[in-house]
Amino acid sequence: MKMPTLLWHSGSVIAIAALIGWQVLRATSQSAENGYPERPIHIVVPYDAGGGSDTFVRILQKGISEDQLLDQPLVIINQAGGSGTIGSREVKNADPDGYKILCHHNAIITAKLAETVDYGPEAFEPIAMTGEMSMVILVRDDSPIRNIVDLLQTAKDKPSTIRFGANKGAPAYFTTLQLQKALPGAELSIVSAGGGADRYSKILGGHLEAGIFSLSEYLDFRGIEGTPADENIRAIALLSNERHESIPDVPTTVELKIPVVLTNANYWWAPKETPPEIIDFWANVLAKAMQNETVLAELARLRMDPSYERDSALQARLADTIKQFNLVAEQEQSWLPNFTVYVGILLAILMAWAILEAILRKNGGEQAAAPLMSEPFRKRPDIALACFALLCGYVLLLSTGWLPFAIASAAMVALIGGQMMRGAPARWLVLLELAVLTGLGSQFIFTEVFVTPLP
Amino acid sequence: MINSLNLLAALPGLETAFQTLSSPAGLAVVIVGTALGIFVGAVPGLTGTMLIALVLPLTYGADPLLSMAFLISIYVGAVSGGMITATLLRMPGTPASIITTLDGYPMAQQGKPGRALGLGVMASLAGGMISWVFLVLLTSPIAKLSSKFGFFEYFSLVMMALVLIATIGGKSLSKSLLSGFLGIFLAMPGINPATGQARLTFGVTELNDGFQLLPVLIGLFAVNQILRDITNIEQKSKPIELGKESVFLKASDFIKHGINLIRSSVIGTWIGILPGIGANIGSVTAYSVSKSLSKTPEEYGTGHEDGVVASEAANNATIGGALIPLIAMGLPGSVVEAVLLGALVIHGLQPGPRLFSESPEMVYTIMGAMLIANIAMAATMIFSMRLLAKVVHVPRPYLLPVILCFCVIGSFALSNRLFDVWVMLGFGVLGFFLESVKIPLAPFIIGFVLGPIAEENLSLGLQASNGSFWPIVTQPLSLVFILIALAMLLVPHLKTKFGSVPTGSSQEPMK
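Just so you know, the sequences run in chain order A and B. 124 is the number that my numbering gives to position 124 of the first sequence; each next residue is one higher, with no gaps. 1302 is the number that my numbering gives to position 302 of the second sequence; each next residue is one higher, with no gaps.
Incorrect hints may have been included.
[Claimed, not checked] One-sided and incomplete, this derived list gives chain A residues near chain B with beta-carbon spacing under 7 Å:
hint : residue
1    : G81
2    : E357
3    : K362
4    : N363
5    : A384
Since the hints were made in silico from the structure, they are not lab data. All C-beta atoms, glycine included, are put in the ideal place defined by N, C-alpha and C.
The following block holds chain B by itself, in its conformation from the complex:
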């Protein structure tokens, strides 16, 4: 008791934050926010960013602390909710859950949807909690770290994740590479970030902003999958039953996946800290690291539990990571964080290095809301799992047209133009075609997301170095990433070449 009083006295603002969040209104706000977040995260087409931007004006009149708690809860819920549709329908609800489809959907097809969702929830919770610990304990030292990353360091880091193009997805290397480069190429139209001029727009002025991630993603995955489901409509769907024991995990599961959980969460947190990279890349990197350290990399993509764990732990961990520079320095990592930053300004606060000293109660509320939202997320998901898994049983003629309607609304709402809806339809056809000729889509979307980041940072780095490429290998951090990238590219091939001779890395999964 005395200790806790001392703590409250030592940390001004903590008491206010605690009172706000523990009040019935505070708890209700967090729980409702999380549930709404899970819903928009799960529906293809609707995203957390969209909901947060739409809700923001509604919070004007409300208490600033409660408003931020609400927005943070939506954020946490949305990143987690994506896995539901990713696993059950192979339609990732948000970009963050693309990687979850790789193993989650095959698991569901093999009759283990409950197991897949259970693992996903556990991994999300663990990822959220681990990154929360980083957020609370290490905010100011870590935030400084993010500014150590220059253009070349970003470039090399992204290359590390981009290597995954070659190792993810199908069996054919040529098709994976083709898909990845097609993704990189189709991300190029629009304003060149390095020169500010439009390119590859062919006079179509709507293309000045290129193809946006959201309509491309919905097209490639949701529209394509819907067309595929319609084609296969006469197939008798296998009854997928959700056994009681499968949802809750045993202690042995935590031991089995412990190392992967911690590693993926740390990777996710770390990627989240770097502004401009975001949740989807956190899960890509964690998945790829997990795969290259695995003794059974060939099982990834066929319904491997480790794949789901790595992806879901990492994408939730990016939230805690992303909040670190947001709170400590006022640096937003993605559009969601930019909107959160805008919310702080509109509620009369000054984001930036002074936030901690001037409005500590807000900082503690954000941290507390993230903690409670994570717990609320896991509880909501576990208790509604049975209901969620029933989605698979809803007759397709009911389910698919409604999802299509949401896809159209979501693409349109992105920037209020029908052009994005046409982009979605176009990429739906492209996705259908590519999968029909057995070209995997995962490398495409990785190339599409990472290509522009790599290009921008390389171009800016060259502008800063007056055209010299040398900093890529002379900057120590950059060199480390390049070496890791090479190792991830080569180790799996060496492994298969030398048969069963285990290499160093596979024996030490701790590394």
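If we strip away everything but chain A, and leave its shape as in the complex, we get:
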């Protein structure tokens, strides 16, 4: 018992000294800088890591660090969920100091139209538009539908027979509504099938007849030469004014007199009232990044057009896009069964049943099974409650940001551990060392090894 204890003490003291040394070093190296940016900048991506938006931002991050356009690191934060509104709200409510910036596409407009949130682009300062992705309509290769007019004509002749995949509330859905409007009487069965990969497998399996995809998804999912027609996909229309060089045979919607276009452009947003110098600074950084060779090569590989717009061109584009989506933005009444209500009713019935059963059992005088434990001991709900209160206090403290993460965490570990010692004594010194190690160690791992923010 002696040897391990000694080892633990010496080991932990050395580790703590090293971590404190690292903290001091970091503090001194940081104080030298001045002017924006003086600390890492957070880029919020409102989708999961690995998705299209995330990949795009990571490519730009690569370019920015290659050309050393910023003195400070960029930290990419994935805040997925709620159709991109969790991340957008985070930036909307952030301090307008240029340290938290959002990269988000057209869904920022449609989230308001779908009434997911009550704010749209007007709640932000737009910085620039970087990179545009063309969108296509796909069918299975053995489908009789040859072009967009065929599709809409079929939807008119046999209403609700074409199952069309487009995520409700997202830009593709609004575009689908526009397509339906283009040929009066056409009726598609719009199925709110999730991501591109999901729609692709549903089209292959014959569960959907058509759907909207990005050009890059189409080129990725397209089978190699000689793939049987029922195992491949085919683009019938490009939602654009001009044909795209990578698929020169695919006609555009506009060519066939269906004036519906959709591109997925990536916009950069800062919180409202961010100083114009910072907006300018960022617009310049992005403009330079979009000329970086690695970035251009990667975007070409993704078939993303390296377009760039700022200031008035950007404003005009936004206004135009908003107008387009607004044309079809009427709330469709959902005719689906209201599952929430059914589950709620069932839940209430089950709750009543369980309570009734409990009462009956009590009246019946039925004895509960004897506990397995042989040795009796005193329960300590008081300690558990105290620990839980400390834990809540810790989280509250983190949300105010009064104490640095490392110190707050060390205090939490020490105090909760201390509370627990009332019931099961252990060594104080070991606990203190452990607390400091946990606080400093986790801060080191998360900010140095992985560049990610802590509370």
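Using the hints, position chain B against chain A.
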């Protein structure tokens, strides 16, 4: 020698993959990745997905093949590592190991932690290997199968697993059902997948994304268990000793559990193939099938070896299954696979049906890494088992606060907001309350995971069928699942009703 040369010539890219993985750097990357994966898998709050997403930017400059091998190894390690804390502390480290707690923890309490972990490792290895064979031999034919599943087929498949709510957990049917429906209900706030509109958020905008699985899981299991451990802190813990013979399994064990191992691995692989379902559901389904075919279903949940085997074999098997559509068609089954897909793109590859013909060396590296990682996982776990089992002996005042700190970091890191940490604390209290009134938690978490998938697929199916429910029973595959679900629901009840009269299924465990 000639044969192997022919093989290398016939399969372009195999040689590069082989050289990469057999080089010292390649082996080191896989072993370190697996060990890290086991660690994050075991710590409640940290998950493999999180580590992979965090490591991804660090691999930018590195060799693409080595990077993917590293990420795959983390994935394999993380799915396996969850069972350690699930078994020893009743805190499932990852969602995939929830079902392992049902029998693993009682086994540990009965003084057999080594046996439980040994079985878990063996089952994980077998599950990984069986699904690997499927991955290597049958990738392209199986991948096509996954697209045969339409909305109604998914719905019926999920119903099959959801039936488990009624049969798992405690003795009281009413409490199990109540718990399951509470889980389904609490998964409903947020954006309705079928209409794109927010519901049940009561104006709380943070709820637009609902309650996330990770904080709910950590709350219900880890925080709840920690509060329970603190309440019982004056209890003298029984000395749990790890006997030498218990860790290594005998040949007779493989014979005894052989059928269960193969069946659960096949189920796990198959569930893994279906995009959007994932490892946790693989283990639920395998467990429930194993239970309803068992001669002694009442022993499940009390420390039954078959339960641990079914759960661990299936959750590891889902990895091989999930890699099939990922490699063959570029379809990610879950967030982990989406991140892996993103990694391929960032490293300059084009995922999708063309990956196999354009970058065969990457495909073979992924397959090879999965194989080596599985072996490394089993070796690491077996050799560190003694050390791992000591976790039980660490004084609680040291262990629990540190775990709490990881829980807070993990919940926060999910999407960088403290809201998730509060959700975790809230569900911790809820879990404590539910268990105090003897409502089992397993049905809750099954309902929470499966409810939304069932609802989404049913809603989308209805959108596609213009409101008709008939495809549920007119589509052959869907009908089969519904019938199996009914059988699983009814067979255990019929069995008890007719006393000892054995029914067909219990006599033919092969089925």
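Results of checking the hints against the structure:
| no. | hint | result |
| --- | --- | --- |
| 1 | G81 | 3 Å, holds |
| 2 | E357 | 5 Å, holds |
| 3 | K362 | 12 Å, violated |
| 4 | N363 | 16 Å, violated |
| 5 | A384 | 4 Å, holds |
Hints 3 and 4 from the earlier list are contradicted by this structure; the remaining hints agree with it.
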